[in-house]
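**Student:** The listed protein sequences correspond, in order, to chains B and V. Residues in the first sequence are numbered consecutively from 1, following this note's numbering. Residues in the second sequence are numbered consecutively from 1, following this note's numbering.
Misleading hints may appear alongside valid ones.
In this list, chains with the same sequence are indistinguishable; a pair is considered to hold if it fits within one copy or across any two.
Stated by the list, open to error - Capping the alpha-carbon separation at 25 Å, the derived lysine-lysine pairs in DSS-like fashion look like this:
(1) Lys108 - Lys234
(2) Lys164 - Lys241
(3) Lys268 - Lys290
(4) Lys164 - Lys216
(5) Lys205 - Lys216
(6) Lys216 - Lys234
The hints are simulated quantities; they were obtained by calculation from the structure and are not laboratory data.
Protein chains: 2
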Amino acid sequence: MEWKSIVPLAVFIPFISTAQNKIQERPNIVVFLVDDMGWQDTSLPFWTERTQWNNLYETPNMERLANQGMMFTQAYGCSVSSPSRVSLLTGTNAARHRVTNWTLEKNKSNDDKSDVIQPPDWNINGICQTYGIAHTYQVTSLAQILKDNGYHTIHCGKAHFGAKDTPGENPYHLGFEVNIAGHAGGGLASYSGAENFGNRTDGQKSPLQAVPDLDKYWGQDIFVTEALTLEAKKALDHAQKLDQPFFLYMAHYAIHIPIQKDMRFYQKYRDKGMTEIESAYASLIEGMDKSLGDLMDYLEINGIADNTIILFMSDNGGLAATSRSSVLHTQNSPLNSGKGSAYEGGIREPMIVSWPAKVKKQSKNDEYIIIEDFFPTILEMANVKKYNPIQPVDGKSFVPLLTGEGNPSKGRKLYWNFPNVWGPSGPGIGATCSVRDGDWKLIYYYDSGKKELFNIAEDIGEVNDCSDKRTDIVKRLSKDLGQYLRRVDAQRPTFKNTGHPTLWPDEV
Amino acid sequence: MEWKSIVPLAVFIPFISTAQNKIQERPNIVVFLVDDMGWQDTSLPFWTERTQWNNLYETPNMERLANQGMMFTQAYGCSVSSPSRVSLLTGTNAARHRVTNWTLEKNKSNDDKSDVIQPPDWNINGICQTYGIAHTYQVTSLAQILKDNGYHTIHCGKAHFGAKDTPGENPYHLGFEVNIAGHAGGGLASYSGAENFGNRTDGQKSPLQAVPDLDKYWGQDIFVTEALTLEAKKALDHAQKLDQPFFLYMAHYAIHIPIQKDMRFYQKYRDKGMTEIESAYASLIEGMDKSLGDLMDYLEINGIADNTIILFMSDNGGLAATSRSSVLHTQNSPLNSGKGSAYEGGIREPMIVSWPAKVKKQSKNDEYIIIEDFFPTILEMANVKKYNPIQPVDGKSFVPLLTGEGNPSKGRKLYWNFPNVWGPSGPGIGATCSVRDGDWKLIYYYDSGKKELFNIAEDIGEVNDCSDKRTDIVKRLSKDLGQYLRRVDAQRPTFKNTGHPTLWPDEV
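Could you put the whole structure together from the sequences, leaning on the hints where they help?
**Tutor:** What follows is the structure, encoded as structure tokens:
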């Protein structure tokens with residue numbers, strides 16, 4: 001007689017049945033986060049009109065995803081990487097978490113030099129989950145809360161949450177149970193397996209941005225985007241054995257510089273008459289899109305697509321200030337400028353959510369949301385009702401937008417604070433803070449004291465500054481922005497010549 | 001002007017200073033756990049007399065550790081691996097956590113067949129930190145609590161906390177931030193790097209006990225004990241950069257079977273006239289001892305020895321029922337029997353604690369303690385005062401024994417429950433439960449109903465069963481043991497012929 005038959009069945013069944021109900025209440029969740037991808041870097045039109053960019057780039061799987069879910073046409077990130085990623089993982093606005101610029105090395109700021117202003121003492125070491133670590137923001141991460149609530153948590157790709165040699169450098173310290181290739185680096189030394197993803201094998205020290213963990217692909221003709229996808233699928237194979245729902249944070253290194261040629265797609269773009277570098281850029285996009293499709297195929301083949309939510313997002317605007325062959329600052333048109341800018345080109349992102357059980361297919365939403373909203377949204381999706389993170393949560397769940405049951409964006413204002421010096425110059429690039437209120441957007445420049453006011457609904461390209469005409473709105477929004485920044489204990493730069501802090505927007 | 005000079009110093013200093021104070025209150029902690037090491041597998045005498053084994057084996061670094069700390073002569077584990085490791089990581093007695101036998105594959109019991117009894121539905125999948133996983137005990141692990149309280153948590157070596165393809169298989173799921181070579185397997189396919197630690201490279205599936213993660217040493221003439229030590233030191237190099245205290249759980253695969261020759265030490269033992277297999281066994285011991293010494297050297301060289309606690313322990317008694325060339329069941333003499341037995345040979349462990357700040361050098365303690373005591377002890381050492389694990393904590397901190405400020409063992413009883421069928425036969429090996437109360441130890445055999453009573457102080461070899469003479473004590477301890485087991489909801493086997501449960505010790 002087998003031993004299992006002796007155990008009274010009544011002992012087992014209620015237990016397993018409860019567990020299965022709980023699992024069914026908890027969908028799998030995939031965050032598919034692209035790096036430095038602009039709002040127009042796709043064949044899927046997020047604007048009211050189809051643009052030249054939509055015609056150039058080919059992203060059939062983004063179209064497929066949009067076809068089975070909801071597009072968001074006004075989804076915002078921060079203008080650079082670390083602040084966005086930190087906000088996503090913490091629910092906290094960058095003005096509050098103070099990881100306002102990009103991180104890399106311990107106790108080392110990546111601010112560029114400015115003759116006029118000195119950036120504040122921002123959290124140059126990023127986030128961490130432990131106390132007493134200098135220059136970090138202590139948090140309870142989204143992954144940690146999901147893990148604590150029964151999710152199997154997988155990190156794949158770019159992390160960029162904390163500086164090297166600090167606890168936040170490693171996703172394992174932030175509640176992830178699997179980490180594939182995530183570390184302190186926010187860029188990549190090479191996309192190419194043939195180049196060992198930038199890792200040195202001659203005994204010399206590898207560059208800080210060499211991609212870790214993918215040794216098995218070294219020397220092979222494979223792009224990092226593909227290698228990460230293969231590894232993510234392996235992690236999902238294993239996840240399915242664990243009797244837990246999974247959270248896959250699939251954060252591609254693509255389409256960050258260096259703009260290398262993914263030869264699976266490159267020639268097609270050359271044949272369209274595009275330059276070498278623009279063709280290479282397009283090949284990075286299409287390689288990322290193939291990864292999306294491969295993961296969607298995987299979910300379908302494994303019969304878990306119906307119970308899996310996919311959230312597609314980028315961390316900041318497309319790079320338009322350097323490294324591209326065409327006219328600078330125009331690659332995100334109709335948006336003005338790109339990565340690093342307070343203009344829409346720097347912060348508006350392509351965003352799609354597929355949630356078969358709840359979201360209407362082929363739907364589109366024009367309400368604005370911001371990157372920290374992912375935190376409460378995902379926890380609501382996961383049916384995690386009680387959580388008590390160390391940090392305040394500024395984000396608002398956009399589940400009501402997805403289900404059509406409410407509009408949390410109504411009457412809401414969005415805020416940005418970048419008291420730093422990014423480096424390249426260009427439209428809207430500088431130490432700024434901004435507020436979006438309905439159709440209006442106010443931008444304040446800490447160094448010059450200049451203010452700009454745009455009606456985004458009428459002027460998506462932010463070329464008609466209305467600050468002179470609508471001083472009433474400038475005054476109202478300046479006051480609101482100043483109050484907000486002080487309330488969340490935001491930071492501002494200091495004037496180099498006087499050593500005094502720059503003024504808040506409502507002090508000018 | 002450097003930007004740091006602009007920031008008011010007053011903002012910084014109190015913060016960093018507080019952090020440093022906190023760090024100083026929190027020592028680094030190393031658990032050095034050996035696998036299947038018997039009480040006599042060392043040149044360091046844990047008995048009142050020096051034995052032949054103490055003369056055969058050479059463990060200079062255990063002597064060195066004892067020289068700087070406290071030896072425990074009556075430290076207990078369970079009689080097999082998983083229950084001990086689970087108790088250490090949870091503070092819970094095996095009778096309660098029900099991971100009573102060793103784990104390996106999901107939903108698969110490793111109980112051997114018996115004609116008489118059927119083991120209960122024990123937690124064959126081990127522990128995990130999430131709910132709804134069948135046949136597991138849900139816990140908050142020691143590593144998790146330490147991590148949540150600011151420790152950098154490193155797992156190196158054998159895990160054996162949960163079955164393959166369940167959440168507990170992987171230390172990353174249990175609060176460890178680094179995992180080197182830990183998985184579901186409790187043994188090892190090979191010690192040898194030249195043999196890839198048992199991993200197949202011919203496309204065939206590797207055995208379940210192939211050691212993971214150490215690919216870089218494949219094909220090299222290196223023992224796994226050495227490879228783990230090198231990797232642990234690298235992890236400590238990095239830990240020192242993180243401004244956190246560290247918890248290193250250094251759990252060697254040694255000295256588990258297969259008994260392979262570590263050629264760095266083997267010939268010396270052959271020259272003493274020992275057989276091939278006994279010399280190989282001795283070489284495994286000395287390889288483990290070298291690792292201990294290397295880590296002690298590391299701490300000293302790096303100036304952190306004074307603030308680092310080392311706890312040396314084994315998980316169960318030395319294997320004496322199979323695989324050795326000398327007379328079976330004698331290899332732990334003066335203790336009777338070995339691994340798998342309720343006798344002292346199966347459960348008494350070599351234990352040493354070095355804590356420079358608090359523990360007297362060259363000291364010895366004869367009070368008894370048990371493996372689940374490590375949990376509250378380590379948390380007390382780490383100055384973690386409030387914690388709220390899911391599981392009840394049965395262990396008692398032995399910090400007062402270390403500091404001489406109290407005796408938590410006084411008047412305390414220790415309990416074991418093994419309602420399983422291990423496999424090999426031998427003295428004290430079977431489905432048993434036991435209680436130790438002062439000098440007395442009662443063992444109850446579930447299948448036969450037999451009871452044995454030993455006075456451990458007078459009869460460490462457990463050869464004089466006093467159950468006939470001291471029926472008063474048998475009755476008292478039977479009652480106590482039965483009550484305890486029912487109180488913690490312990491499990492017992494079932495009789496195969498009737499399907500009825502075996503009797504509790506106080507029902508016979």
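**Student:** 25 Å Cα cut-off: does Lys164 pair with Lys241 within a copy, between copies, both or neither?
**Tutor:** between (33 Å within a copy, 9 Å between copies)
**Student:** First find the shortest C-alpha distance between Lys164 and Lys216 inside one copy, then the shortest across copies, and answer within, between, both or neither for a cut-off of 25 Å.
**Tutor:** both (23 Å within a copy, 23 Å between copies)
**Student:** If the cut is 25 Å between Cα atoms, do Lys108 and Lys234 qualify within a copy, between copies, both or neither?
**Tutor:** between (36 Å within a copy, 24 Å between copies)
**Student:** Within a copy, between copies, both or neither: which one fits Lys268 and Lys290 at a CA-CA cutoff of 25 Å?
**Tutor:** within (15 Å within a copy, 61 Å between copies)
**Student:** Is it within, between, both or neither when you check Lys205 against Lys216 at 25 Å Cα-Cα?
**Tutor:** both (19 Å within a copy, 18 Å between copies)
**Student:** Within a copy, between copies, both or neither: where do Lys216 and Lys234 come within 25 Å Cα-Cα?
**Tutor:** Result: close both inside a copy and across copies, 14 Å intra and 21 Å inter.
Violated hints: none; the structure is consistent with every hint.
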